[in-house]
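Number of protein chains: 2
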Amino acid sequence: MYTILVYDTATERNAAVLRTCRKYLRHQQRSVFEGELSTAQMHRLRTELEQRIDRAYDHILVYTFPPGTDPRRQSWGRPDDQPHDIL
Amino acid sequence: MYTILVYDTATERNAAVLRTCRKYLRHQQRSVFEGELSTAQMHRLRTELEQRIDRAYDHILVYTFPPGTDPRRQSWGRPDDQPHDIL
Chain A
1 MYTILVYDTA
11 TERNAAVLRT
21 CRKYLRHQQR
31 SVFEGELSTA
41 QMHRLRTELE
51 QRIDRAYDHI
61 LVYTFPPGTD
71 PRRQSWGRPD
81 DQPHDIL
Chain B
1 MYTILVYDTA
11 TERNAAVLRT
21 CRKYLRHQQR
31 SVFEGELSTA
41 QMHRLRTELE
51 QRIDRAYDHI
61 LVYTFPPGTD
71 PRRQSWGRPD
81 DQPHDIL
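Protein chains in written order, with UniProt numbering: chain A, 1 to 87; chain B, 1 to 87.
So that you can see chain A by itself, here it is in the shape it has in the complex (with noise of 0.2 Å):
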């Protein structure tokens, strides 16, 4: 399924977050993640989050479309070429 993440951590945990997100899917912007994902993989990434997040704290926004969705995408401001907090 196409997949985009977005988490919303405390700064103490987002380095590990990155770096479970990035095992899984393409880093797009500072806190937003997207690529496509098997079921199997859906939920090999949820547990390993669950394991690094403060669950009373942090929150994460999954969307989920049907496979082979393609999102027109754009970007305003900065140009997209990095994203900006690279750890």
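There may be inaccurate statements among the hints.
Identical copies carry no separate label here, and so any pair may be met within one copy or between two of them.
As the list claims (entries may be wrong) - As a list, the in silico SDA-like pairs of lysine to any residue whose alpha-carbon atoms are at most 25 Å apart:
1) K23 - Y57
2) K23 - S75
3) K23 - G77
4) K23 - E48
5) K23 - R72
6) K23 - P71
7) K23 - R73
8) K23 - M1
9) K23 - P66
10) K23 - L37
By construction, these hints were calculated from the structure, which means they are not laboratory data.
Here the structure of chain A is known, so what remains is to put chain B in place on it, guided by the hints.
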């Protein structure tokens, strides 16, 4: 078109960007908005945002999908009753 917008702007401009996005889209998570926009609304939103951001520093990522796209939305972590930093 169905729209997901994620902003990555300097702290001092977040409130203005948030207020502008709220005129057109639903606030879904700290920096994430979504909803249906017409081409005219998309154009106005872009024009208003580009007046408020520093185009050398800030970045706004906009995904668009065909009208009627209905993404599946999952929230991991903190319950998703309200965005975290309501201004």
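For each hint, the structure was consulted:
1. Taking the shortest alpha-carbon separations for K23 and Y57, only the intra-copy value of 23 Å comes in at or below 25 Å, while the best inter-copy value is 27 Å.
2. In this assembly of identical chains, the alpha carbons of K23 and S75 lie at most 25 Å apart whether taken from the same copy (24 Å) or from different copies (20 Å).
3. Taking the shortest Cα distances, K23 and G77 sit within 25 Å of each other only across copies (19 Å), while inside one copy they are farther apart (28 Å).
4. Taking CA atoms no more than 25 Å apart as the test, K23 paired with E48 passes inside one copy only; the shortest distance there is 10 Å, against 36 Å between copies.
5. Within a single copy, K23 and R72 get their C-alpha atoms as close as 23 Å, and across copies as close as 22 Å, so both meet the 25 Å cut-off.
6. With identical chains, the CA atoms of K23 and P71 are at most 25 Å apart both within one copy (21 Å) and between copies (23 Å).
7. In this homomeric assembly, K23 and R73 come within 25 Å of each other (Cα to Cα) both inside a single copy, at 22 Å, and across copies, at 21 Å.
8. For the homomeric pair K23 and M1, the shortest alpha-carbon distance inside one copy (16 Å) is at most 25 Å, but the shortest distance between copies (31 Å) is not.
9. Only within a single protomer do K23 and P66 lie at most 25 Å apart by alpha-carbon distance; the minimum there is 21 Å, versus 29 Å between protomers.
10. In the homo-oligomer, the alpha carbons of K23 and L37 lie at most 25 Å apart inside one protomer (11 Å), although the nearest pairing across protomers, at 33 Å, exceeds that limit.
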